[in-house]
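Chains as they are written, first to last, in numbering that gives the first Met the number 0: chain A, 0 to 335; chain B, 0 to 335; chain C, 0 to 335; chain D, 0 to 335.
Because the hints were derived from the structure by calculation, they are not lab data.
Glycine included, C-beta positions come from ideal geometry on N, C-alpha and C.
Be aware that a few hints might be false.
Stated by the list, open to error - One side only, chain D facing chain B, incomplete, derived with CB under 7 Å: (1) Thr-247; (2) Ala-328; (3) Phe-330.
Said to hold, decoys possible - Restricting the straight-line Cα-Cα distance to at most 20 Å, the calculated cross-link-like pairs of lysine to aspartate or glutamate (DMTMM-like) are: (4) Lys-74(B) x Glu-59(C); (5) Lys-5(B) x Asp-43(C); (6) Lys-62(B) x Asp-60(C); (7) Lys-303(B) x Glu-18(A); (8) Lys-302(B) x Glu-19(A); (9) Lys-323(C) x Glu-19(A); (10) Lys-302(B) x Glu-18(A); (11) Lys-303(A) x Glu-59(B); (12) Lys-302(B) x Asp-60(A); (13) Lys-153(B) x Glu-107(B); (14) Lys-62(D) x Glu-31(D); (15) Lys-303(A) x Asp-48(B); (16) Lys-62(A) x Glu-59(D); (17) Lys-5(C) x Glu-107(B); (18) Lys-302(D) x Glu-114(C); (19) Lys-303(C) x Asp-48(D); (20) Lys-153(C) x Glu-114(C); (21) Lys-333(C) x Glu-91(C).
Spelled out from the first residue to the last, the chains are:
Number of protein chains: 4
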Amino acid sequence: MIIILKQNTTTQQAHTLLEELEQQGFKHHFSEGEHSMIIGLIGDTSQVDMQQLLAHDMVEDVKRVSEPYKRANRKFNPDDSIFDICGRLVGEGNFSVIAGPCSVESEEQMIEVAEAVKKSGATFLRGGAFKPRTSPYAFQGLHGEGIRLLLEAKRATGLPIVTEIMNQHHLDLFNDVDVIQVGARNMQNFELLKELGHCNKPILLKRGLANTIEEWLMSAEYIMAGGNERVIFCERGIRTYETFTRNTLDLSAIPALKRLSHLPVIVDPSHATGLPWMVEPLAKAALAVGADGVMIEVHNNPKKALCDGAQSLTPEQFDAVMKKVTALAAFENKKI
Amino acid sequence: MIIILKQNTTTQQAHTLLEELEQQGFKHHFSEGEHSMIIGLIGDTSQVDMQQLLAHDMVEDVKRVSEPYKRANRKFNPDDSIFDICGRLVGEGNFSVIAGPCSVESEEQMIEVAEAVKKSGATFLRGGAFKPRTSPYAFQGLHGEGIRLLLEAKRATGLPIVTEIMNQHHLDLFNDVDVIQVGARNMQNFELLKELGHCNKPILLKRGLANTIEEWLMSAEYIMAGGNERVIFCERGIRTYETFTRNTLDLSAIPALKRLSHLPVIVDPSHATGLPWMVEPLAKAALAVGADGVMIEVHNNPKKALCDGAQSLTPEQFDAVMKKVTALAAFENKKI
Amino acid sequence: MIIILKQNTTTQQAHTLLEELEQQGFKHHFSEGEHSMIIGLIGDTSQVDMQQLLAHDMVEDVKRVSEPYKRANRKFNPDDSIFDICGRLVGEGNFSVIAGPCSVESEEQMIEVAEAVKKSGATFLRGGAFKPRTSPYAFQGLHGEGIRLLLEAKRATGLPIVTEIMNQHHLDLFNDVDVIQVGARNMQNFELLKELGHCNKPILLKRGLANTIEEWLMSAEYIMAGGNERVIFCERGIRTYETFTRNTLDLSAIPALKRLSHLPVIVDPSHATGLPWMVEPLAKAALAVGADGVMIEVHNNPKKALCDGAQSLTPEQFDAVMKKVTALAAFENKKI
Amino acid sequence: MIIILKQNTTTQQAHTLLEELEQQGFKHHFSEGEHSMIIGLIGDTSQVDMQQLLAHDMVEDVKRVSEPYKRANRKFNPDDSIFDICGRLVGEGNFSVIAGPCSVESEEQMIEVAEAVKKSGATFLRGGAFKPRTSPYAFQGLHGEGIRLLLEAKRATGLPIVTEIMNQHHLDLFNDVDVIQVGARNMQNFELLKELGHCNKPILLKRGLANTIEEWLMSAEYIMAGGNERVIFCERGIRTYETFTRNTLDLSAIPALKRLSHLPVIVDPSHATGLPWMVEPLAKAALAVGADGVMIEVHNNPKKALCDGAQSLTPEQFDAVMKKVTALAAFENKKI
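For reference, chain A alone in the conformation it holds in the complex (with noise of 0.2 Å):
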């Protein structure tokens, strides 16, 4: 960390913030310019507040030099991590399809797409029983009963099934889920992150409508922190002032998160962008650029979805996106 001091700063001045920093157990090196003072700390600086340091009249701006963020981060784990969840690996040379409906609606729905969208070669199936939505007269989720559905249609196909979170308090019924999802309105719901780093269930942490990828990482630290290494990335688009697509797709995220971090990462493109005619190049774009995966949403009818419908493919057409993934992730050397 490095801290560079006001020009007007005098060397007695710099002496005591020095003298504080020593107290706080922190070795330095210190160097004094002809218009410049700075500040070198060394040692663990993740647990350093900037904000306190900022605080400080004499300083002018405050550097980290290493990153915040250890269990996530690629310095110390260098290989990639590689998950295996109920037989189907995620990360390192796989590409994981997660395919379902935006929100489980009934048992016959739910089979009906997890038996399409199996035969079109998904690897897992998707489907929320709790649904985050804006408005509280919209339609929320079966809740419970979303959940036993899920399992059924996991009985009925083999599929492992991933499904959303919304509150630590329900986690008793997420026993026999595979995945559980983090969504994107909860990416710094930094309770329920805590309470999910306690479990030894695999994560799928979707990034924040307008989060960074620092803060990401750091999300995912949280939940690392508590032991629960298993965390999986999600880019589903960030708000920007673009209104053609629902959110503007960060593709670009995906060699920033296999730089910085050795976590698989995969793309939702049904999310990001709201247009059903937009999966296909993007699933396609998300394999080229490097992700580990993706998540489609489909739907048997999306016209009588009760959340969503309008971003669901419908299982024929997702079967030909399936197409044009599978023969696009054979040439990049993918298993799917």
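Since the structure of chain A is provided, determine the placement of chains B, C and D on it from the hints.
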């Protein structure tokens, strides 16, 4: 609600949609022009899922005419809401000043700050007992002990207290708290909002990092739909590309909310900018633009603050700000 | 175009507006529901000023049904445009690779880079002679001499050249240039666009820092309205809150433009990210998402580059990228 | 300027960079810590290209300590600039009110508006003769004839005039104009800025749609570097995800600019919001936050306006706004 059909839709196709809408209990008027067909939906459309309508192949676009919120809507409550909180009035002609440290650290700190801000004219005391921090390694607050210290400071000064909740299952600890704050990162933590709808405390609802004014109103609606009508909005800056300030304070949100809703709105210039020297001009601007109050961070020793020290005012600086704000409030006919 | 009137508008008031519209030569159909009145405007509304309609007290909202652009619109030109530029085809099944340094610096540099990128498979040579720089004290380009050096490099290699114009009064210097680039900061320099509408050179139109896809199409329309139909879009990242990359590359803009317009679209991963190690994955993603080409910065000595050295590839790095891109292009059936 | 080297850099490698910097004429101090090596660059670094330094493999990051602008910098000009424009003072204790229609349409319109705004207390008359429009099919202004009509309105009322330039080759037409406006879309039209550096007219420099405060200062620096020291900033809202207002007015930019620069800053609430009922509260907020003036759109018949009618005030509405603004200005000790 207006549904615009695609150009090549046949009258017959349109009629299948009309029938579907009738079955859902909606009246409609249908208008067929040379180049476009339009359906106007009549009745309570606040529960209509626009996404579901958009999933129909023949639908080009859907447009709401009436707002999706009711209890927060000025149309149904033309008069400004005014809340009496321990004898302090919030809203309609009153200008509330909430001041205190980012986080509660010790009894000495809280009493010292509380007495100082009261003397300068603050009407509420703030302090964080539960702290949402980006890093799991940062100070997370004193929790129950923090609330106990806030209550001691209230006993010493008579100032009602405002403090943040991060998890609905901590509600028991908030029994004697006067105003419960929902932080920016939890603005769309719908599970928390629902629970707060059932408590009888005023809620200070901060705007999310990248949430629209309509989403913010919908989050208030979540609380109000549960029966708790006392919601106070708090604008604290939104995330933009500009990095000079920590966030970009959106003061146009104040007249917007005043027009759309009857609820009070306050402004937090400390978090919005992260720069203590910006607090005075922006607090004055908040008053001039029509806000019902401000929330300002004050710490007796910003350099030693365990959280956000860089943006805190000292009690002396706060006193200087209050002199300016008090004079302007008198000019604007607002009671502090 | 659909005009939605405010709820309390009387039929009589509505009729005054209808008459006004008739006088402007528009046919309309008027539909009066229980809670809303709607006017559908028939005829060519591309020249209607929505702002003017919104200025009427009785107007709640105005919504376009048809796009405000025509010549750039795929509806009126269903087939992909394809341009022959010095024997190189751009668009429809071709994948153009434009490579070269950010700025032209010397004859030696240009010849060396041009020969290297040609050998690796580039189809166009780029290089800046006029450089838009944030600082007036930064290197502004070699101007006429820069164009002369580009032409020498063209003579040596046969590669057609692409270079940026900043001022319509320099057009004489661009007589032998093959493609004229309009930079992001000039995307809405309408005076420049109008002038380029009268020249007979293909125009590479970069997206502005914070411009919508529709505004971008309208800027193409400016050029095309003047008679110059050869416009090539270039996505180069938009400005968002994320700072890890210089800009946020919006790859969803590619399928969007492909659906809305018949014009070719290329992608510039170098400027979008500012990070040379991101060029390979994003160039591949651009290809997979359906772009018609890429523009990549290559410098023989990035450390000595007078402009944007940090984001340039060395010729060796470019060669490695091209091997991957060429293989993927073959898989995708695109000709480089 | 501080250069932070990557962790695994050897002392020998560092020395090759130090030598390079010495050859470029820089003094430096080099500091070698346990985990990091830092180079402090001494001397005038305003012309150093950070990109070029970042292109070195061994460089982790580069950080400016001093600002890259000089003439616009308050450090070198501690006192507020004050400009006398036809007897009207702009800056330092004065509050300028620039009012008039978006575009000049007719003599009758201009005289009527000019007389009305003068009566209400405006100090400058605005009106667009050259109009930057998103669509090539929209009204583009009366050009030379528009300027002639502005000058007639000036003769009739004595109000100095402000009008926008879009092309440096129109400068001859601006000989009798009092303040030349550079619009948001031209804030980084560097060719135009350079030319305006050589004219002796005050320049009203609007902030670009998505430009940072530093970029804005650099654009002022472009003008000032040419010798024209009279630049007035105009904040007009930035582009964000929020769509309720046309743009998001960034009032925190006012105290920021006041701290960083000595130049005057005004605020345009009309363009920022696009909503006439927001002008009054935001004009008052602009005054309270420390701006040196406002620019407000006024049209004698907004419904017939050829441009941006929806955001214009009528003369009666403007008069009501001015009563509030004048009273607040008196309170704040600002002269209108």
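Here is what the structure says about each hint:
1. Thr-247: Hint holds; Thr-247(D) Cβ to chain B Cβ min 5 Å, cut 7 Å.
2. Ala-328: The hint is violated - Ala-328(D) has no Cβ within 7 Å of chain B, the shortest such distance being about 11 Å.
3. Phe-330: holds (5 Å)
4. Lys-74(B) x Glu-59(C): holds (15 Å)
5. Lys-5(B) x Asp-43(C): Distance of about 17 Å is within 20 Å: holds.
6. Lys-62(B) x Asp-60(C): Holds - the C-alpha atoms of Asp-60(C) and Lys-62(B) are around 10 Å apart, at most 20 Å.
7. Lys-303(B) x Glu-18(A): Status holds; Cα separation ~14 Å.
8. Lys-302(B) x Glu-19(A): This hinted pair holds, its Cα atoms lying about 11 Å apart.
9. Lys-323(C) x Glu-19(A): violated (54 Å)
10. Lys-302(B) x Glu-18(A): At roughly 14 Å apart (the allowed maximum being 20 Å), Glu-18(A) and Lys-302(B) satisfy the hint.
11. Lys-303(A) x Glu-59(B): Holds. Lys-303(A) to Glu-59(B) sits at ~17 Å (cutoff 20 Å).
12. Lys-302(B) x Asp-60(A): OK: Lys-302(B) and Asp-60(A) at ~14 Å, within 20 Å.
13. Lys-153(B) x Glu-107(B): Holds, at roughly 13 Å.
14. Lys-62(D) x Glu-31(D): holds (17 Å)
15. Lys-303(A) x Asp-48(B): Since the Cα atoms of Lys-303(A) and Asp-48(B) sit roughly 10 Å apart, the hinted pair holds (cutoff 20 Å).
16. Lys-62(A) x Glu-59(D): Roughly 12 Å between the alpha carbons, so the hint for Lys-62(A) and Glu-59(D) holds.
17. Lys-5(C) x Glu-107(B): violated (58 Å)
18. Lys-302(D) x Glu-114(C): violated (61 Å)
19. Lys-303(C) x Asp-48(D): Distance of about 10 Å is within 20 Å: holds.
20. Lys-153(C) x Glu-114(C): holds (10 Å)
21. Lys-333(C) x Glu-91(C): Holds, at roughly 9 Å.
Checked against the numbered hints above, the structure violates hints 2, 9, 17, 18; every other hint is satisfied.
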